[in-house]
Structures are given as C-alpha cells and as structure tokens.
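In order, the protein sequences belong to chains Y and A.
Everything in the first sequence is counted per my numbering, starting at 1 for the first residue and increasing by one.
Everything in the second sequence is counted per my numbering, starting at 1 for the first residue and increasing by one.
Be aware that a few hints might be false.
What the hints assert, rightly or not - Which stretches of chain A does chain Y cover? Using the computed rule of at least three CB atoms under 8 Å from a CB of chain Y, they are:
#1 49–58
#2 61–67
#3 150–158
#4 181–187
None of these hints come from the bench; they were simulated from the model.
Even for Gly, the Cβ is constructed at its ideal location relative to N, Cα and C.
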Amino acid sequence: MTEREMTSFERIEAAITFGSPDRVPLCPQVDYMAVLLAGKTCADFITSVETANESVRVAFEKLGGWDWLYPPAASLLFVKTFFMEVKIPGKDLPANSIHQIIEKPVMFMEDYDFVIEKGYQAYKELIYNRLNKEIDAEEIKTILFEIVENHKKWEEAGVPIQKAGTHLLPFEIFCLHRTFEEFVRDMYRIPDKIIAAGDAIVMDLINEIKNSCRILNNKAFWLGVWRSSASFISPRQFEKFVFPHMKQISVALIEEGYRPIFHLDGDMTPMLQFFTDFPKGTCVMALDGCTDIRKAKKVVGGNMCIMGDVPPTLLCIGTEEEVRHYCKALIDDIGPGGGFIMGSGCTVPINAKFENLKTMIDVTKTYGKY
Amino acid sequence: MWREKQLIAGALAHLDEVTVFKLVRKGLAKGLDQFLLVEAARDGVKLVSEKYHRGEYFLADLIMSAEIFREVIDLAIRFNPPKVIDCPPVIFGTVKEDIHDIGKNIVIGLMRCRGLQVLDLGVDVAERDFLAALKSTASNILCLTGLITPAYDSMRRTIALLEEEGMRDSTSIIIGGLVNEAIREYVKADYFSTDASEGVPLCIKIINKKTSLKKKKQVKG
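Isolated chain Y, as found in the complex (with noise of 0.2 Å):
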C-alpha cells in the first residue's frame, strides 16, 4: 500500500512492468460511444480530430475518468489510412453507425512473387491502386499535428495515451487483403510462398511502427490480432504463419525501448504459451472476453501484463449488477500481484449502456484498491 494515491502515469507503468500499483488501473476503449454521450453524430466524430476530442472529453467526465486513454481520433485516422475499403459513417452508412470494413478480395494469389521480388512499399501502392483509395500526405499530416497536440494537452492533465498507431502482422494484412476463405486455401497450397512474402516485409514493418511511434510520440503501439486466434486458426498454424514474425517484430521493439500491445480479439486460449518467450514486464496482452482470462494468468500472469476483459455483450444488455459482479470476480482472480489492468474487451460498444461503463469504472476505483 502507498502512502500517497499514484497517478495514472505511475499506475500503468506499475502494472505492466510488476511494480506495486496502489489499484487496478482502468482502460475502457472508449470510442465512438462517446459521440453519442456528446450529443454528436459518428459521421461528426469519424471526419474532425476536434470533434472526437471532445466527444471523449466529454465521456471522460461525465463517466469520471480513468487512467489509460484510448487515442480519441483512433479511428478517424484508421479510417483514413487503412488499406481495405472502409464504409464511413454519413458517407456510405447512416450518419449514426460505426465504420465498417469491407473484406473483398484485393490481393491475389500471384501477388505473392510480386510482395517477395518487390517489397512492401511496392505491395501497398498496388492495394491502394487497387482499393483506388489515394491518401492526401497534407491531410494526413494536419490530422497528426492536430492529434499530437491534443495528446499533449491530456498528458499534460495527467492523462496518458494508450498507444501510437495499430499495425498488423504480415499473416492478418495477406489473410484481410485475400479474404479469410482464399487464405486458408494459401496456408494449405503455398504455405512457403505465405512465409516468404511476410519475410519479405518484415523489416520494413518494424520501420513502420518506429516512424508512427515517433511522430505520435508514444512508445507504445498496438499489434492487431484479428483473424490468427484460435476463433480461425490453429496453434500449429499459429506458430507457422504468425508468431516468427510477432515475435520478430516485437523483440526487435522492445530492444530500443517500444512497448507492444498485442490486442487480441478472439480465442487465444490454446495459443497463450507462445507469449511466454516475451520478456517480463515489456508488453501487455488486451484481452476481448473470448479467451480464458483465468488461464492466460496461470500462463502469463507473472510475466506480461493482461488487460481485458469485461465483454462488449455484457456491457450493451448486461444489468449494472452483472457488470459489478463480472468487474469484482476479474479484481479478484487477476488481479493479485499486479499486471492486471481492468479493460473493455476490445473497444466499448457505440451502443454499450452508460451505466454499465459507469458500473465498471466504480467498481475498479474502490474495489479495485490494493
């Protein structure tokens, strides 16, 4: 027990690296839930940096705050840059729905040869030639400075950012750009020709991070895992296709002082033994309610910080009282010995209840206390 309550800087540094977190600190994803909080549209909070600031600003204080923000123009930026096509909201869907992403086939299966004889930049015109998405550098640039400074203004109120950018790992951009049918067809037909084209890029996604990291000045990053949990694939596969290159990736990070956010969304239960090889107290695993949470404690729970996992399902039809019991049963079992931080499994739902959200972040500042 401190003598003095932490501040929240202190509080996620002491839960990711083991030290002694005076609480559990506290990380709901909230994102385009807040705009409605905010009396704004998702159309408004997708389109202007100010906008999503300020809708977050006003969730933050009307729900009391917490200690790990979510970048308040996350998707924004997401939306702007990702190379799938993306359905925006006042634009392609109603003005109230989230942003969608279109799963269409915009790699092939010759594509291989060319990501492997060409390299990654090469491979990334070729998809935004294909997708006919043409990314504006002097927009992109004007959102970033806009961000960077509304960072700079949280931080400065002693709240910190979650992370820089969302990057993803070969397997997930191959397996989203052929769609997820073909790519198992690949896996099982030209498995060697998948590895290659991921060693091929590999350097230069580390580069990636580096450059987003840099200019969104935060160490930390998320890896997205979306599509290589055991909701898709194999531990066998896992191993094969995804973790050579998580595992690159990561190590190569944390050496220069990066921290990974392997933001893990589906069942990685049978996969969790692999994120023992990581080295103590380096990253964090974020969690969205479909893995065991018990288990990747037993498993990791001495090494890598968890964060998850109260799920999206509960927090839209869950009563209040569901979501205190779920939020003491996670304090109690994940709690112990610190490396827990308590999170929204995946983002906050748009159409989560205030109450529950209210519930979980209450229930974590008192009951939550070491």
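Starting from the known structure of chain Y, fit chain A onto it as the hints suggest.
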C-alpha cells in the same frame, strides 16, 4: 468399395487434398458409384467436424475440409447432378447495419454441400427484405447473422416485424455470429448457433420436423 471409402474419408480427415482427389478420380475411373465416393468425402468432413469439436481442428481446417468436399462434389457432378432437399430455400442474410459475411458464406457453403437450397440476401439486409423473401419463396426458415453489437437490434426488429405480419409462429429463426443464449432471448429467436458444423444439422433437423408435421396434417386432413 469399403476400403476406398475409408481411404477417402481418412485422407480428407487429414486434409490431404492431393490424396483425396487421387482416390476419387481412381474410384470414378473404376466405375464406382460417384455418390458413394461423395459420401466417403462427407464422412471425412464429419471426422474433421468431430476433431473440431474436440478442439483438435480449427475454423481454417473446417473451411479447408468444406473446400475439398466442394471440389469432390464438382468432380462427381459430371456423372450425376446432386440431389437437393425438396423444400423451399433457407433465407439467409446479415442483418441491417452489419456487413460481415465470412461466417455467413461458410455456413451457406456447408448448407449447399448438404443439399439445402439457400437464398442468400447478402449483407446489411433490411427487415422488410427478409419478410419479402420469406413470402415470395414460401420458406419458413430464417437465418439472421451479425458480428457487431448493433446487429442485435436489427435482429430484434426483423423478428418483431414477422410477429406483426403474423408470420412468426410459422417461421423458425436461427441467429448466428457474435451471439449467445442471452442475445437469443433478447432478439426473441428460436435458436442460436456460433458454429457452422452445428448450425447446418440444426437447419436440416428443423426441415425434417416441419416436413413430418406437414405430412401428419395431410394424413389427418
């Protein structure tokens, strides 16, 4: 034939595509019944499904088994077109405000492999479009899927519309995607399924039950 069947099922259970095709081609060339060869491949898919349920196989393996099975059917179809289950199509779609379709396409592929006729309405399907499809095809099985939480209200609205139109009692409704028992209750569906290998047999079971009830009514009438 018994040995060939076992070999095909075993090769498919190991997801050994090359061996499966070699054996099926050999069987066809020998003049073996193509439907028995397809049955053998289906046994293999079943073994894959069992391994999936035991946690030994994963979705990618399930998809690959369906892919090999689909190709076996294509191969055999040259000899005789597959017999489809004689009933109106299952109406299938991703509900309004959601455009995720991987799971939907997998299930539809498996349904078609099992001889079910499916009317795929696509993604972001409006409530009224589900209703119109049920009316125009005289179908009484509706599969609604969604992977994001706003889909729950779209499912609920679709089912409420069926209720308003007096079609709820005659329609069996299965939901899939990011769902569970609480969501099934919330949207007022009859069943939920998060697993293609369970959802397809469930549909067939419902069809058989409905067909049997219809026959009983006809006998009584």
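Evaluation of the provided hints:
1. 49–58: holds (count 3)
2. 61–67: The restraint on the region 61–67 of chain A holds, since 4 of its residues have a Cβ under 8 Å from chain Y and three suffice.
3. 150–158: holds (count 3)
4. 181–187: As far as the region 181–187 of chain A goes, the hint holds, because 3 residues have Cβ atoms under 8 Å from chain Y.
Violation of the numbered hints given earlier is absent; every hint is satisfied by the structure.
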